[in-house]
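With the hints as extra help, turn the sequences into a complete structure.
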Amino acid sequence: MTKANVLKYLRTIHGWLGVIIVPWIIIIGATGFYLNHSRMVLGWFQGPDYSEEQLLTWEGAHQVDSVAAAAIAAQYWPDEPLPAPEAVTYHDFVAYQFDRPSGLVIVARESGHYYVKTDYSRRTYAPDGTLVDKERYWSRIFKELHTRGWLGGTLGRWLADITALSMVLFGMTGIVLWWLPRARKFRRALGLGN
-15 MTKANVLKYL
-5 RTIHGWLGVI
5 IVPWIIIIGA
15 TGFYLNHSRM
25 VLGWFQGPDY
35 SEEQLLTWEG
45 AHQVDSVAAA
55 AIAAQYWPDE
65 PLPAPEAVTY
75 HDFVAYQFDR
85 PSGLVIVARE
95 SGHYYVKTDY
105 SRRTYAPDGT
115 LVDKERYWSR
125 IFKELHTRGW
135 LGGTLGRWLA
145 DITALSMVLF
155 GMTGIVLWWL
165 PRARKFRRAL
175 GLGN
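Note that the numbering used here has the sequence shown beginning at -15, numbered continuously upward.
Because the hints were derived from the structure by calculation, they are not lab data.
Hints may contain errors.
[As the list claims (entries may be wrong)] Derived pair list, reagent style DMTMM-like, types lysine to aspartate or glutamate, alpha-carbon separation capped at 25 Å:
1. Lys127 - Asp33
2. Lys118 - Asp83
3. Lys118 - Asp145
4. Lys118 - Glu36
5. Lys101 - Asp145
6. Lys(-13) - Asp83
[To be verified] Quick list of the computed label-pair ranges, beta carbon to beta carbon:
7. Arg124 - Arg172: 23 to 31 Å
8. Leu135 - Val(-10): 33 to 41 Å
9. Leu161 - Gln30: 38 to 46 Å
10. Pro85 - Val51: 21 to 29 Å
11. His21 - Gly113: 35 to 43 Å
12. Leu(-6) - Asp145: 56 to 64 Å
13. Ala58 - Glu119: 21 to 29 Å
14. Tyr74 - Gly113: 12 to 20 Å
We treat Cβ as the ideally placed atom computed from N, Cα and C, and that holds for glycine.
Structure, rendered in structure tokens:
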């Protein structure tokens, strides 16, 4: 294989590696900026504040027992088993918490308002089921994107590993592509011949 063929082959590999890893480089750069400047970045994504005190006086607000709370929790992820409620305090409300595989349903005893939480968001509902607030957990989203390059389970870990190896190979081919054309000039400058 000639030197020209090696360079052509390395350029092709280097180019395709660049195409493959560019989305993750952008994600890692953007989320890295968040990690360094989290307060500023989160300020761009936060919605307006609201008072949860309004939920205590919401029309239809009433005390709920564990049976009524279970009926509310059963509406979410109905194909998953419904565990027994756990007594918790959430946002200063005494509540029933149902820990399901896909997330949490937390029902406030005093008013019947409730929260539906997943790994990446929380939705707050009034006692009548009206969506009052929706919050994304941007910190978790950005950190997971930065460390895994993907949201979710093992697929993200595999993609992050493949991307990391691709970045190493990308760097190595870049060094070779930079060095090979300069090697002859360097040898001549040292007086070592062609």
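For each hint, the structure was consulted:
1. Restraint check for Lys127 and Asp33: the C-alpha separation of about 24 Å stays at or below 25 Å, so the hint holds.
2. A hinted pair counts as satisfied when its Cα atoms are at most 25 Å apart, and Lys118 with Asp83 qualifies at roughly 19 Å.
3. For a cut-off of 25 Å, the pair hint linking Lys118 to Asp145 is broken: about 33 Å separates their Cα positions.
4. Between the alpha carbons of Lys118 and Glu36 the distance comes to roughly 13 Å, so the proposed pair stays at or under 25 Å and holds.
5. Our distance criterion of 25 Å between C-alpha atoms is broken by Lys101 and Asp145, whose separation comes to about 29 Å.
6. Restraint check for Lys(-13) and Asp83: the C-alpha separation of about 62 Å exceeds 25 Å, so the hint is violated.
7. Checked against the hint of 23 to 31 Å, the C-beta distance between Arg124 and Arg172 comes to roughly 56 Å, which is inconsistent with it.
8. Checking the proposed 33 to 41 Å range against Leu135 and Val(-10) shows it holds: the Cβ atoms sit about 40 Å from each other.
9. With their beta carbons about 45 Å apart, Leu161 and Gln30 fall inside the hinted range of 38 to 46 Å.
10. Remark: the range hint 21 to 29 Å for Pro85 to Val51 is upheld by a beta-carbon distance near 22 Å.
11. For the hinted restraint 35 to 43 Å between His21 and Gly113, the CB-CB distance of approximately 38 Å keeps it satisfied.
12. In this structure, Leu(-6) and Asp145 break the distance hint of 56 to 64 Å, their C-beta atoms being roughly 23 Å apart.
13. The hinted range of 21 to 29 Å is satisfied by Ala58 and Glu119, whose Cβ atoms lie roughly 23 Å apart.
14. For Tyr74 and Gly113, the hinted distance range of 12 to 20 Å is satisfied, since their beta carbons lie about 18 Å from each other.
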